[in-house]
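2 protein chains.
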Amino acid sequence: MKSVDLQIDARWIAPVVPASILEHHSIVIDKGRIIDLCPTARARLQYEATQHLTLNESILTPGFVNLHNHAAMTLMRGVGSDLPLQRWLEDAIWPMENAQVSYDMVALGARWSIAEMLTGGTTTFSDMYFYPDAVAEAALDLGVRCQLATPIIDFPTAWASDAADGISKTVALHDQYKHHSRVQIALGPHAPYTVSDDTFEKLKTLADQLGLRIQCHVQETQSEVDDAVKATGERPMQRLHRLGLLGPDFQAVHVVALSDEDIELLARTNSTAVTCPDSNLKLASGLARTRDLLAAGVNLCIGTDGAASNNDQDLLCEARNATLLAKGGSGDATAMTLQETLQIMTLNGARALGLDDDIGSLEIGKAADIVAINLSDPFLKPMTDPMAAVFYTARARVDQVWIDGKLKAEQGRPAGVDVAAMARDVQRLRKAMESA
Amino acid sequence: MKSVDLQIDARWIAPVVPASILEHHSIVIDKGRIIDLCPTARARLQYEATQHLTLNESILTPGFVNLHNHAAMTLMRGVGSDLPLQRWLEDAIWPMENAQVSYDMVALGARWSIAEMLTGGTTTFSDMYFYPDAVAEAALDLGVRCQLATPIIDFPTAWASDAADGISKTVALHDQYKHHSRVQIALGPHAPYTVSDDTFEKLKTLADQLGLRIQCHVQETQSEVDDAVKATGERPMQRLHRLGLLGPDFQAVHVVALSDEDIELLARTNSTAVTCPDSNLKLASGLARTRDLLAAGVNLCIGTDGAASNNDQDLLCEARNATLLAKGGSGDATAMTLQETLQIMTLNGARALGLDDDIGSLEIGKAADIVAINLSDPFLKPMTDPMAAVFYTARARVDQVWIDGKLKAEQGRPAGVDVAAMARDVQRLRKAMESA
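Top line first, the protein sequences correspond to chains S and E. Residue numbers for the first sequence, in this note's numbering: 519 to 954. Residue numbers for the second sequence, in this note's numbering: 519 to 954.
In case anyone wonders, no lab produced these hints; they're calculated from the structure. Careful: at least some of the hints might be erroneous.
Said to hold, decoys possible - Which stretches of chain S does chain E cover? Using the computed rule of at least three CB atoms under 8 Å from a CB of chain E, they are:
1) 592-601
2) 698-707
3) 801-810
4) 825-831
5) 834-846
6) 908-914
Treat the numbers as computed from the prediction; the structure is a model and nothing was measured. C-beta atoms are modelled at their ideal positions from N, C-alpha and C, and glycine is treated no differently.
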């Protein structure tokens, strides 16, 4: 009998690799890593675990990777409801941000978002927001993994006076966090319509020098594309390609308004596409062509976007809608299988971040980032397919969440967070933001 | 002080009429009816209630009206996943129904569906399925309201040998249930492509004679429309209008593939349109033009459809997606306000059933069909708009549900149902259905 830290016996396991469902298997964890995944009957003979859990009505999956968020915007949940994207940004969000955003606000908002994400199974996220150092501290404190794409934009913000200032702050952050395994700094140019060619070229040079990834909102609406074509004759995706941005280290977010050529470009350059279905619906941006992106072999990932346009941080809900929209939007009921859905929210996200050797699937040797989804709700019966129960109803419930084998959330409560006290702080700060 | 049966003090009340949110108000109930709705401070001075509830973090709404279901199909949850509509019907659903459907199966499946619907706030539903007498008994037993649209189709089914047999059974059922206030019989011709002109004409005559409503699947897919136009030159909606079917007593379900003229016809005839967004997405039928239906003044309602294509019976989830799709599908972020969403799932449903004098809004004199939605989840904070919390996140939780002032569900458990035992029966029957 080998002594190990943790053994979890589960009714079902969806390891992502291979793309199948294992029944009555166990995950064996030692020193934060998965050291075995085998039938429970065998695990019981081989291992003596300090902690031994039996989850008879749960399915285990890899921790979720939320590839696009503005975490601190949980404080702006519901601001500008029912406005289209440009008015929402220009009339509601940007004025509030310019007046209100501070290190302290971001520290609280990011911490609140991470706590909510953890209860929903997200163990890794990508953020794009002002004061990324405040987000980094919150992430380190709560023990999640993150990519922080620093906001680069050609006008003054609460965080930087211009793009050059943003770039120099990014370099400093990269130096500061390069030895933290759970935090990686990336570049976050806001969008083609707010960033100049000159700035994009500087970002590309810097990304190559420092090995940084780039995340950018791209072709979120048809009018963004139409305006660019009218002004310059060039689609934003073509322009980014001309500037050398597209590639395995580039993450194009939203990508709602795509031509066949845009999809082909993303595929050919091995770029990542990130869909944010709820945000795209709520802001009336439209439906991304996720079926076509998958068919072209693009590395498709998923994000919640910020809570101001969602209004939650729940990647499972997001994935449910992504799956339904892939079918309903394409007219193809076989579009996006549930194994593809699960891969999009785990392994594809890990790939986009360059972390797929370490996370994204439940394989021996990887970090023990694991989600247990409880399927005991009686109204899931009759149940013949646990993946359908997870994705096609709202009755599956994320229960335990582990990162590096450490329990980070259980039954909707994040570990190490006084949720009630923090909820009061959050409500108080929002009130102050509105009366300011 | 007036003695009354029940007083509910609530943080918020959304009465639907008027279309506003009341704060710190109370609903006062006696003998199953709403006898007052006033500020809590006043209610405490005027009434002495046998039961007095204080719901400090809940919003009260009218009971939900699920206008399209095949309740017994909860037993077929997940059958034929990821097939398009025609293959799903012809290869998966119809063969199983022909082999398996019986009075006993429908009795169990309908009861299970009603139990699930009750826990989600649905107090009134419309059904279209074989053995409607079994559904009626389940509904009477659990105390919900229903319209039972009997299935009329031009080929033999488990319930009727042909359309004429279905019609004569409908007449018998109408006689049997005409004195039950909570059950009303209607006619349910399956679809224009499975019902002949001759049968539609007979249904119309019968409906006029007996005062019956008619519910029918109409233009669920573009190919249904294309096939009809190719074969006859006539769109199904035009044909139904030519046959005299459209009108205030007609409920057209799905209506995904609509032309401007179809919408105008529905509006001009005061017909009801019923959207089933999750089913339409999952079967890849497409997105209904709900924004345009609302703008034209059509009485728009909502249904879950059967669990085989959904996979749950949760009208709140359905309404959330309907709202998001109205925006994302139309490109108009102001499409479908949350007050409209709530009206679609309550008063519009009541209107379609001719029950709007009695239910559909929280007004003095109406029946006390009430849902309390708990908004205490900490991750709804910051909260500035309770309706956004209900519809734009998945963290609002239907708690208490009353019909005629009697508690029918609480904390996810339906009153008078042994849920665990029934879940076992349901799982056992499904197993038998699959191995038969």
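Status of each hint after checking the structure:
Only residues whose beta carbon comes within less than 8 Å of a beta carbon in chain E count, and the stretch 592-601 of chain S has 7; three or more means the coverage holds. Counting residues of the stretch 698-707 of chain S whose CB lies closer than 8 Å to any CB of chain E gives 0, so the stated coverage by that chain is violated, three being the minimum. Counting residues of the stretch 801-810 of chain S whose CB lies closer than 8 Å to any CB of chain E gives 5, which reaches the minimum of 3, so the coverage claim holds. As drawn, the stretch 825-831 of chain S meets chain E at 4 residues by the rule of a beta-carbon pair under 8 Å; at three or more, the given contact holds.
Check result for the stretch 834-846 of chain S against chain E: holds, 6 residues qualifying (beta carbon to beta carbon below 8 Å, three or more required). Coverage of the stretch 908-914 of chain S by chain E holds in this model, with 4 residues showing a Cβ closer than 8 Å to a Cβ of that chain against a need of three.
Taken one by one, the earlier hints fail for this structure only at number 2.
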